[in-house]
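S.K.: Following the hints, complete the assembly by docking chain B onto the known chain A.
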Amino acid sequence: MTTIDNLMIKVDKLNKSFGDLHVLKDVDLTVKESDVVVLIGASGSGKSTLLRCLNFLEMKNSGDIIIEGEKVEKSTHNLNKVRERVGMVFQHFNLFPHKTVLENIIEAPVKVKGVKKGDAIKEGKELLNKVGLGDKLDVYPSKLSGGQKQRVAIARALAMKPDVMLFDEPTSALDPELVGEVLATMKELAKEGMTMVVVTHEMGFAREVADWVVYMNDGRIVERGHPNDVFDNPKEQRTKDFLNSIL
Amino acid sequence: MESLTHFFNAFIDSYPIFLKGMWLTLELTVVSILFAIVIGLVFALLKLSNIKILEWISNIYVYLVRGTPLIVQIFVLFFGITKLIQMDAFWAASIALAFHNGAYIAEIFRGSIQSIDRGQMEAGRSLGMSTSLTMRRIVLPQAFRRALPPLGNQFIIGLKDSSLAAFISMSELFNIATTLGSAKFDTLTYLLIVAVYYLVLVLLLTLFVNLIERKLAASEK
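One line per chain: the protein sequences are A and B, in this order.
If you read the first sequence in the UniProt record's numbering, its first letter stands for residue 1, the second for the next number, and so on.
If you read the second sequence in the UniProt record's numbering, its first letter stands for residue 1, the second for the next number, and so on.
So here's chain A without its partners, still in its complex pose (with noise of 0.2 Å):
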């Protein structure tokens, strides 16, 4: 039995429809503080449309969603101020092209929150030392590789002091020699202490970082435990049929 006071998310007969087509059904997921959550399954099974209602980046069809305690709904709540605690980190990294990395950085903290822009670009540098680029505060993002981009996306999110973070296939766009920087990244914010739901392919960051894998298929969550007892010894026939194709 979880208690309340830890709980970072809660979401409860989450249903979320396109048109005719219902990609969200019944889902119920639970993230505590610090915990780091990785979602798995096939594409289209609908983890990262959890994940986007999650950051309400897509809006739920019916169900609940309940962030710290607080259920979030359209009509009570400033659906900004509830994104400033939860970060997003995107596939095709959505850096914005025309603003140099530091800018980049910047942007949402003095623009939103009205952090001093002093203040704001020395966190700023703090977090590019920590995701290894310190050295790129006035590149522009086009000059940057793949996993560079990733890492400034981090920053970026980290940089609102979000209380979450959410990482959609952060690294399906990225050479395969571009996607250990990126994880290592992540591995060193679940080190210390962040809370994360991620949607990944990656088995090997799942199992090592993960405190809960979930598997989902065709909108339901199927299974969900500990890696290993995910990995090693699944209990539906699906998981097992997905793990066998994948592994």
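Each hint should be verified, as a subset may be incorrect.
Covered stretches of chain A, going by a simulated chain B footprint (3 or more residues, C-beta under 8 Å) [to be verified]: (1) 78–87; (2) 96–104; (3) 108–115; (4) 156–170.
With a cut-off of at most 20 Å between alpha-carbon atoms, the simulated DMTMM-like pairs for lysine to aspartate or glutamate come out as follows [what the hints assert, rightly or not]: (5) A:K161 with A:E103; (6) A:K99 with B:D117; (7) A:K99 with B:D186; (8) A:K116 with A:E103.
Which chain A residues face chain B? A few, computed with CB under 8 Å, are given here [to be verified]: (9) F18; (10) N55; (11) L57; (12) H92.
Because the hints were derived from the structure by calculation, they are not lab data.
Even glycine gets a Cβ: it sits at the ideal position worked out from N, Cα and C.
M.R.: What follows is chain B alone, placed relative to chain A:
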């Protein structure tokens, strides 16, 4: 040879009055295009607002302007509106040109805004930025850069279309050419002369747009 000398003599004799006309043409163009950019941006945003009634207002505006000749719009404004509100020919022409170019510029802005990857808006929103803040800080600067080449094209069209103000008695370049041409029974010479002035203006405008394009491109390197 003789006709060439005649052309140059006519050119030199007429340049003080043509320069005045060129100044008026420039004024008409700059004023109307500045307003047209604002009008275009507003109607582009209305069209992308996802609010049905605003989309319709934008659609109807673009349809009315694109569906009728500019000369009709100028006449309607000049002979219609000036009956209700005191307005001189310069403002009637400027407003008509602004609304005319505004419709085309609205479509240019709409296209360039829509061409910016959806992920840019999502990235801004995911950082807690509002839709309007993300539009202003993230999407529009990129969209404007993409809009520049077709905008430059529209500026040139706007410059040349200002010649229609001649028909509500504005002494801009084209009016001067036709007036001088018929006064001296030498229409062709003065039309060729005015063509030179337009070519120079278009060249300057092109260089100006190229300069901005290069400036903006450089800031991304």
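S.K.: Indicate, hint by hint, whether the structure satisfies it.
M.R.: Here is what the structure says about each hint:
Look at the segment 78–87 of chain A against chain B: 6 of its residues bring a Cβ nearer than 8 Å to a Cβ of that chain, three or more, so the hint holds. Residues of the segment 96–104 of chain A lying with their CB closer than 8 Å to a CB of chain B number 3, which satisfies the three-residue condition for coverage. For a cut-off of 8 Å, the count of residues in the segment 108–115 of chain A with a CB near a CB of chain B stands at 4, and the three-residue condition holds. With 3 residues having a Cβ less than 8 Å from any Cβ of chain B, the segment 156–170 of chain A passes the three-residue criterion, so the hint holds.
A threshold of 20 Å between alpha carbons decides the hint, and for K161 of chain A with E103 of chain A the separation of about 17 Å falls inside it, so the pair holds. Of the supplied pair hints, the one linking K99 of chain A and D117 of chain B holds, its CA atoms being roughly 15 Å apart against a limit of 20 Å. Of the supplied pair hints, the one linking K99 of chain A and D186 of chain B is violated, its CA atoms being roughly 57 Å apart against a limit of 20 Å. About 13 Å separates the Cα atoms of K116 of chain A and E103 of chain A, which keeps this hinted pair within 20 Å; it holds.
Because the beta carbon of F18 of chain A sits about 15 Å from the nearest beta carbon in chain B, more than 8 Å, this interface hint is broken. Evaluation of the N55 of chain A hint against chain B yields a held restraint, the C-beta minimum of about 6 Å falling below 8 Å. Here the hint on L57 of chain A is kept, as its CB sits about 6 Å from the closest CB of chain B, short of 8 Å. The criterion of a C-beta within 8 Å of any C-beta in chain B is met by H92 of chain A, whose closest approach is roughly 6 Å, and the hint holds.
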